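Residue numbers (the working numbering): 272 to 484.
Simulated from the structure, these hints should not be mistaken for laboratory data. Fair warning: this is a prediction, and the values are worked out from it, not measured in the lab. Careful: at least some of the hints might be erroneous.
[What the hints assert, rightly or not] Heads up, simulated PhoX-like pairs for lysine-lysine below, C-alpha to C-alpha not over 25 angstroms straight-line: (1) K470 / K349; (2) K313 / K404; (3) K296 / K355; (4) K418 / K296; (5) K355 / K404; (6) K313 / K296; (7) K349 / K329; (8) K278 / K288; (9) K288 / K418; (10) K355 / K470; (11) K393 / K287; (12) K418 / K393; (13) K404 / K296; (14) K458 / K349; (15) K458 / K404.
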Amino acid sequence: MEVKQTKRSIRSAETKKRIETEGLKLIRRYGYSGTSIQDICKAAGVSIGTFYHFFSSKSELVSYIYRPFENSFGRNAKTYDYEKDDARQLLTDYIDLFLKYMDEETIDFYYEVAFSPEGGNKTFFDINRPNVKFFVENCQGFQQTGKISSETSAEEIFRELVCCEVGVLYTCVTLEIKDQYEGMLRKLLTRQFETYLTKAPKKNRRSSSRVRK
């Protein structure tokens with residue numbers, strides 16, 4: 272049985288949506304720590320009491336931003352044996368999970384998310400974001416076994432990969448070669464990631480000297 276919406280329920284839904292929308296804009300622009308509940312309320316034109324009517328905390332609101340990534344990364348998280356597994360698998364799985372998220376959106380939508388917020392989208396690097404946490408935590412695991420260099424932090428490695436990721440996105444949309452996005456993404460991210468892999472030490476080979484008779 273379909274529930275009939277009242278004017279009050281419609282206004283309530285509109286208010287909640289406005290809080291989500293304005294909060295999303297601010298957090299993308301200024302980051303999680305750089306955005307307060309007061310900022311969100313002011314932008315949405317609501318009181319703090321109204322905010323708490325819909326959300327128990329700022330972190331609950333932020334979960335709205337991360338829901339698509341939670342579906343891809345949080346619920347499909349991989350587990351690794353850092354001693355036995357190849358560290359390259361981490362990047363492969365990251366790209367696969369990211370492209371799974373992309374299946375639910377268009378490349379144009381992702382482009383808008385990446386470049387529309389003034390000052391850039393700071394949520395890309397938030398450690399609480401499921402895709403960031405997935406990569407960083409597992410990268411640290413491989414670093415502890417010496418398969419990935421620890422000279423650069425896992426967070427910095429991730430940031431450099433995102434630089435490549437965003438560059439590929441910009442290039443494919445600008446040059447209208449969106450069909451090449453996946454291939455270019457895999458190629459360039461793999462090339463960048465390879466620079467952080469440690470090479471296995473070569474085994475010492477005993478040189479057999481000929482015994483002269």
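Please verify whether K393 and K287 have alpha carbons no more than 25 angstroms apart. holds (23 angstroms)
For the pair supplied as a hint, K288 and K418, is the alpha-carbon distance within the 25 angstroms limit? violated (45 angstroms)
Given the proposed pairing of K296 with K355, does the C-alpha separation stay at or below 25 angstroms? At roughly 43 angstroms apart (the allowed maximum being 25 angstroms), K355 and K296 break the hint.
Is K355 within 25 angstroms of K470, Cα to Cα? Distance ~15 angstroms between K355 and K470 Cα, so the pair holds.
So if I understand the rule, the pair passes when the alpha-carbon distance is 25 angstroms or less; does K404 with K296 pass? Judged against 25 angstroms, a Cα distance of about 22 angstroms means the pair holds.
Satisfaction of hint between K404 and K355, Cα-Cα up to 25 angstroms: holds (22 angstroms)
Compare the distance between the alpha carbons of K458 and K404 with 25 angstroms, and conclude whether the hinted pair is satisfied. holds (23 angstroms)
Distance restraint between K278 and K288, which requires alpha-carbon spacing of 25 angstroms or less: holds (15 angstroms)
Against the 25 angstroms threshold, does the CA-CA distance of K470 and K349 hold or violate the hint? Satisfied, since the Cα-Cα distance of roughly 24 angstroms is no more than 25 angstroms.
Pair hint K418 and K393, alpha-carbon separation not exceeding 25 angstroms: Since the Cα atoms of K418 and K393 sit roughly 29 angstroms apart, the hinted pair is violated (cutoff 25 angstroms).
K458 paired with K349 [C-alpha distance capped at 25 angstroms]: The given pair, whose Cα atoms are some 22 angstroms apart, holds under the 25 angstroms limit.
If you draw a straight line from the CA of K349 to the CA of K329, is it 25 angstroms or shorter? violated (28 angstroms)
Of the hints listed earlier, those the structure fails to meet are numbers 2, 3, 4, 7, 9 and 12, in rising order.
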